[in-house]
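As a plain string of letters, each chain reads:
Number of protein chains: 2
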Amino acid sequence: MKDVTAALLVIGDEILSGRTSDKNINYLANHCTAVGIRLEEVRVVSDKEDRIVDALNVLRSSYDYVFTTGGIGPTHDDITAQSVAKAVGVELLENRQAIAIMQARYPGEELSEGRRLMARIPDGGELIKNSVSGAPGFMIENVIVMAGVPKIMQVMLDDVTPKLRTGRRLLSRTFIIRHPESTVAPLIGKLDDENEGISLGSYPYFKLGKVGTVIVLRGVDEEQLDQVCLEFVAELKREEKDFEEDCDSTELKPLSFD
Amino acid sequence: MKDVTAALLVIGDEILSGRTSDKNINYLANHCTAVGIRLEEVRVVSDKEDRIVDALNVLRSSYDYVFTTGGIGPTHDDITAQSVAKAVGVELLENRQAIAIMQARYPGEELSEGRRLMARIPDGGELIKNSVSGAPGFMIENVIVMAGVPKIMQVMLDDVTPKLRTGRRLLSRTFIIRHPESTVAPLIGKLDDENEGISLGSYPYFKLGKVGTVIVLRGVDEEQLDQVCLEFVAELKREEKDFEEDCDSTELKPLSFD
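Chains P and C, in that order, give the protein sequences.
For the first sequence, our numbering begins at 1 and goes up steadily by one.
For the second sequence, our numbering begins at 1001 and goes up steadily by one.
Hints were generated in silico from the structure; no laboratory data involved.
Do not take every clue at face value.
Unchecked claim - Under the rule of at most 30 Å between Cα atoms (straight-line distance), these lysine-lysine pairs were calculated in the DSSO-like manner: (1) Lys-1163/C with Lys-151/P; (2) Lys-1023/C with Lys-1048/C; (3) Lys-210/P with Lys-1190/C; (4) Lys-1151/C with Lys-1190/C.
Claimed, not checked - Which stretches of chain P does chain C cover? Using the computed rule of at least three CB atoms under 8 Å from a CB of chain C, they are: (5) 9-15; (6) 57-69; (7) 101-114.
Keep in mind the model is a prediction, meaning the values are calculated, not measured.
Each residue gets a CB set at the ideal place from its N, CA and C atoms; glycine is no exception.
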């Protein structure tokens, strides 16, 4: 089974000015990990066409999929659809199916100019359903265009995911070590080196005045992962470390960094 | 006064896997806006040397400053310092001042191998103080290297900021419009077009079952900004829109998107 890779392009001045705190990166990252897509890069760019087109062209040729969030509303700074059309080299056209969706959503009212703009889709794009507010996202070639509002992004992601290829799921095992990171660094460096296909991540935490380290072992081969975990446990015991083993769980326990 | 630009490079597999939710992008974005540095791009890459070096080289030649967060701890996956040294083309050396800081921090204990690693700084780099946990960041050329743990990143940012050039502060005025975004889109598009130097951002919100729009006007020239705000208010009144004017505040009110 081949690995499937992706990048996320977050579009919006409001993220770069600090006005809005992005909520989509972490959501999409977790989603990708859960379904077996490896998120390899994220970029945040401003609402400028050349910035968006340049980033799209680099990312769509480097990864299997490029997700975008933001910039598909009805205002002058919503230029994602036109930028994607330009990058892909197709026309931006009023989409009949999108117009029908908008008309069904706003029955009786005439479609305003602003709302009509949201029905413009790059020629050949396939619509992504927005059950929150109507105006659809779209997928064209390997580019998946979604809204920036988290709730809308999330329903769009649910709608498009069944259409995507996925690879092997990355499995993980978590250990809590009640010692500073530097004291376990040599051991985990050694295990990481010696076991191709298994990566060890190390995350210090400070909690209730205590310093400790979360170690996460990750790999796609469950048998190998369990084997390396056993070896890790044996070494921790040999070094008389105070640790909490959590080998049965694929859920990661987020620990406070505060 | 010249504008000063920056990019942020977030380094870490844990952000891309979803294990850790980044807290530094928004903090740094707000900080930059407050001090007069324009954050123009953010990238998130994994703990791989070639990815870090490639991103650093593009960003440091494109912007006045590049901030990095993450990857300066004591473990095998902490490769930011060596990657920066490689990108800049200098050696990574044990820094005498950094060793002294670590020794003062851990008196009586011998400096462990792991902690010693954290004192390796690209040759010519200037240390950035870490009042939380000792191990310093550094600045070399226009690259500012900080920790990934938010509290540590924040004290490092405070330490390095007085050394940075800054430009004009971006001022902003916020309006809350109690109508869907599409109904104000034509007006704000027109104002944005007609006023070089002023940009209008439009952010839909859903709150207590109601749909509305936050409009933010931004610019560095206060007089011009106030003038465009007056024009905006006159137009909103002419169109009999229900809105809340907030012209006196440079604080942005975050509105819930939930």
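So, going through the hints one by one against the coordinates:
Distance check on the hinted pair: Lys-1163/C and Lys-151/P sit about 40 Å apart at the alpha-carbon level, beyond 30 Å; violated. Between Lys-1023/C and Lys-1048/C, the direct Cα distance comes to roughly 21 Å. Compliance with the 30 Å bound is thereby established for this hinted pair. The straight-line distance between the Cα atoms of Lys-210/P and Lys-1190/C is roughly 56 Å, outside the 30 Å bound, and the hint therefore fails. Restraint check: the Cα-Cα separation between Lys-1151/C and Lys-1190/C comes to about 42 Å, which exceeds 30 Å; the hinted pair is violated.
Counting residues of the stretch 9-15 of chain P whose beta-carbon sits less than 8 Å from any beta-carbon of chain C gives 4, enough to reach three: the coverage restraint holds. For a cut-off of 8 Å, the count of residues in the stretch 57-69 of chain P with a CB near a CB of chain C stands at 0, and the three-residue condition is violated. Judged by the Cβ-Cβ criterion of 8 Å, the stretch 101-114 of chain P is covered by chain C as claimed, because 3 of its residues qualify and three suffice.
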